[in-house]
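The listed protein sequences correspond, in order, to chains L and D.
To get this note's numbering, take the position in the first sequence, counting from 1, and add 3.
To get this note's numbering, take the position in the second sequence, counting from 1, and add 84.
Hints listed in this document are in silico derivations from the structure and should not be mistaken for laboratory results.
Treat each hint with caution, since some may be false.
[To be verified] Think about it this way: if two alpha-carbon atoms lie no more than 27 Å apart in a straight line, the pair counts; the simulated DSSO-like pairs of lysine-lysine are: (1) Lys197/D with Lys124/D; (2) Lys109/L with Lys122/D; (3) Lys159/D with Lys111/D; (4) Lys122/D with Lys159/D; (5) Lys247/D with Lys124/D; (6) Lys109/L with Lys159/D.
Being a predicted model, the structure only gives us computed values, none of them experimental.
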Amino acid sequence: MFVLRISLQAIVLPALVSGFSFWVLYRLTGRARQSLPAAAALAAGYLTGHATTIGPPPLPPVETTQWLFVLVALSALSGLGPFQRGPWRLGMVVTLIAGLLGLTLKPMFVHHWEIGEATFWCAGLFAGFLVLYYLVEWLALRDGGTILLAAFLLVSLASAAVLGLSATALLAQLSGTTAVCLGVLFAFSLRYAVSPAGWLLVGLIILTGLGLNGYFYAQVTGWNAFCLLAALPAAWVSQLRSIRDRSLWLRISVTLAAVLLVTAPAVTGALIGFLDTPEYDY
Amino acid sequence: MPKRMFTAIVLSIMLQSSLLVADHTYKVDPVHSTVLFKAKRFDVVNVYGRFNGLQGTLIIDDENPAASSVELEIKAEAVDTNNERRDNHLRSPDFLNATQFPRISFKSVKIDKLEGNRYEVSGDLSLHGVTQSIVVEVEHVGSAQHPRRGTPLIGFETTFTIKRSDFGMNFMLPALSDEIQLIIAVHGMAP
Numbered sequence: 004m005f006v007l008r009i010s011l012q013a014i015v016l017p018a019l020v021s022g023f024s025f026w027v028l029y030r031l032t033g034r035a036r037q038s039l040p041a042a043a044a045l046a047a048g049y050l051t052g053h054a055t056t057i058g059p060p061p062l063p064p065v066e067t068t069q070w071l072f073v074l075v076a077l078s079a080l081s082g083l084g085p086f087q088r089g090p091w092r093l094g095m096v097v098t099l100i101a102g103l104l105g106l107t108l109k110p111m112f113v114h115h116w117e118i119g120e121a122t123f124w125c126a127g128l129f130a131g132f133l134v135l136y137y138l139v140e141w142l143a144l145r146d147g148g149t150i151l152l153a154a155f156l157l158v159s160l161a162s163a164a165v166l167g168l169s170a171t172a173l174l175a176q177l178s179g180t181t182a183v184c185l186g187v188l189f190a191f192s193l194r195y196a197v198s199p200a201g202w203l204l205v206g207l208i209i210l211t212g213l214g215l216n217g218y219f220y221a222q223v224t225g226w227n228a229f230c231l232l233a234a235l236p237a238a239w240v241s242q243l244r245s246i247r248d249r250s251l252w253l254r255i256s257v258t259l260a261a262v263l264l265v266t267a268p269a270v271t272g273a274l275i276g277f278l279d280t281p282e283y284d285y
Numbered sequence: 085m086p087k088r089m090f091t092a093i094v095l096s097i098m099l100q101s102s103l104l105v106a107d108h109t110y111k112v113d114p115v116h117s118t119v120l121f122k123a124k125r126f127d128v129v130n131v132y133g134r135f136n137g138l139q140g141t142l143i144i145d146d147e148n149p150a151a152s153s154v155e156l157e158i159k160a161e162a163v164d165t166n167n168e169r170r171d172n173h174l175r176s177p178d179f180l181n182a183t184q185f186p187r188i189s190f191k192s193v194k195i196d197k198l199e200g201n202r203y204e205v206s207g208d209l210s211l212h213g214v215t216q217s218i219v220v221e222v223e224h225v226g227s228a229q230h231p232r233r234g235t236p237l238i239g240f241e242t243t244f245t246i247k248r249s250d251f252g253m254n255f256m257l258p259a260l261s262d263e264i265q266l267i268i269a270v271h272g273m274a275p
C-alpha cells in the first residue's frame, strides 16, 4: 500500500499533470510560444510531486527544499516570451542561480561557515553553474532539445539512485519525479516541437538544487555530486562530426552512453558506500 | 580591627547570598540526563532512540514556581538509534535535517506547581526550524547533596508526545508514526 501510494504521488500523478499541462498549453499557445508549454509542464509536474510527497511549503518556506519549490515555480516563467533571449534571459538565469545558491546555502552561512569559506563556495558554485547553464544552452540551440532531454532524463535517474543510496529517500523521490516529467517531455518531443528555451532552466534549477541539497545536507559525496552535474555537458558528444548527421536515435544512444559513462562512477560510489554501512531498511 | 570585622561580616553576607542564588540555579548534567524517543514503524513495532549530550540550565524557585525557568538544548546530529545508517537517515533532509537545523531546544514560558511533586511547564519547543508551544507535566524525582562536593543536585522527568508533522517532518507518514513519544530525564547540578 505504501509503495503504491508513493508511486502514485511521485510518479503517476506528476506524469499526468506534466503531460496534461504540456498538451493544453501547446494547444492554447500554438507554435509561436512553444517554450512555455515545456517549461510549465516540467515545473507543474515537479511541483505536484513535491506537494504530494512532502506537502506544499509553508509561507515563508523554512527548509531549503521548500525554497526549491518556490524557485522551480519561478523558473517556469523562463518559458514566457521576454525571458527566452537577450538581457531578460540573462537576468533570469543570473537571478535564479543566485537565488538558488543564497537560499539553499543560507543554513551553511548561519551555522557552519566563516565569511571566507562562504565566499569561496558561493563564487565557485555561481561561476560553475553559469558555465554549466551556457554549455547546455549552447548545445540545446544546436540540437533542438530532444537529445538534451534524454541526457537530463538519465542524469535525473542517476541522481535519484545516488540520493537514495546517500541517506535521503525524499530527495531521491523528487529526483525520480523530475525524471518522470522529463520522460513525458521527451516522449512529446518525438512528435511535437519542445523548445529547450523553456524547460532547460527549470530542469537545471531542479537538478542543481537537488544536488546542492544532497551534498550539503545529506550524504552525497563531493565527487558523486560533481559526476552527476558534469554528466550534462557530456551530451556534447552528439555534436561530434562523425555522428552529428546520423539518425536521431543513434545520436540519442551515443549521448546516453556518454552520460552513463560519467554518471556510473557516482552511482557505483554511492552503492559501495551504502553497502559498507550496517544493514538498514527504510 | 573593627574595620576588618565589618569587612568580614559584609563578605560573609555576600557569600551567603550567592550560595542562596546558586542553590536555585542548576546546570544540566549531560552524563546523567537522558532524552529518549519512541516511534511506531508500520503500525507493527515501537522503535526507540535517544539524543546524547543534553545541555541547559534550570532555575528553580520552590517558593515561587512562577519565577522558575528551564532552558534545554541538544544537537540534532546527536541522534542515536544504534544503527549508523538509520542515524544518518534521521539526520538527513528526510527527517531532522540536522545540518540545516543543528539545534533542538526548549525554553519555558510558565511553570505552575501541581499536586505533590508535579509541575506543569509551558514553553516553546524548537525543532526542525519550527517553534511550537507545548505544555508538559514534569515530575520532580528528587533533590540531594552531592556526596563529595556537597553541592545541591536535582532531578526531573517528563513523558509527552509530539506530532512530527507539526514540526514540518512529513516524510514517510503514516508508515512511520506521526506521534513521537519523548521521555526526558534531567539531572541538574548546582555549580
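Hints and how they fare:
About 32 Å separates the Cα atoms of Lys197/D and Lys124/D, which puts this hinted pair outside 27 Å; it is violated. In summary, the hint linking Lys109/L to Lys122/D is not supported, as the alpha carbons are separated by about 31 Å, beyond the 27 Å threshold. Under the criterion of a C-alpha separation no larger than 27 Å, the hint pairing Lys159/D with Lys111/D is consistent with the structure, at around 17 Å. A hinted pair counts as satisfied when its Cα atoms are at most 27 Å apart, and Lys122/D with Lys159/D qualifies at roughly 18 Å.
Between Lys247/D and Lys124/D the alpha-carbon distance is near 12 Å, which keeps this suggested pair within the 27 Å criterion. In summary, the hint linking Lys109/L to Lys159/D is supported, as the alpha carbons are separated by about 19 Å, within the 27 Å threshold.
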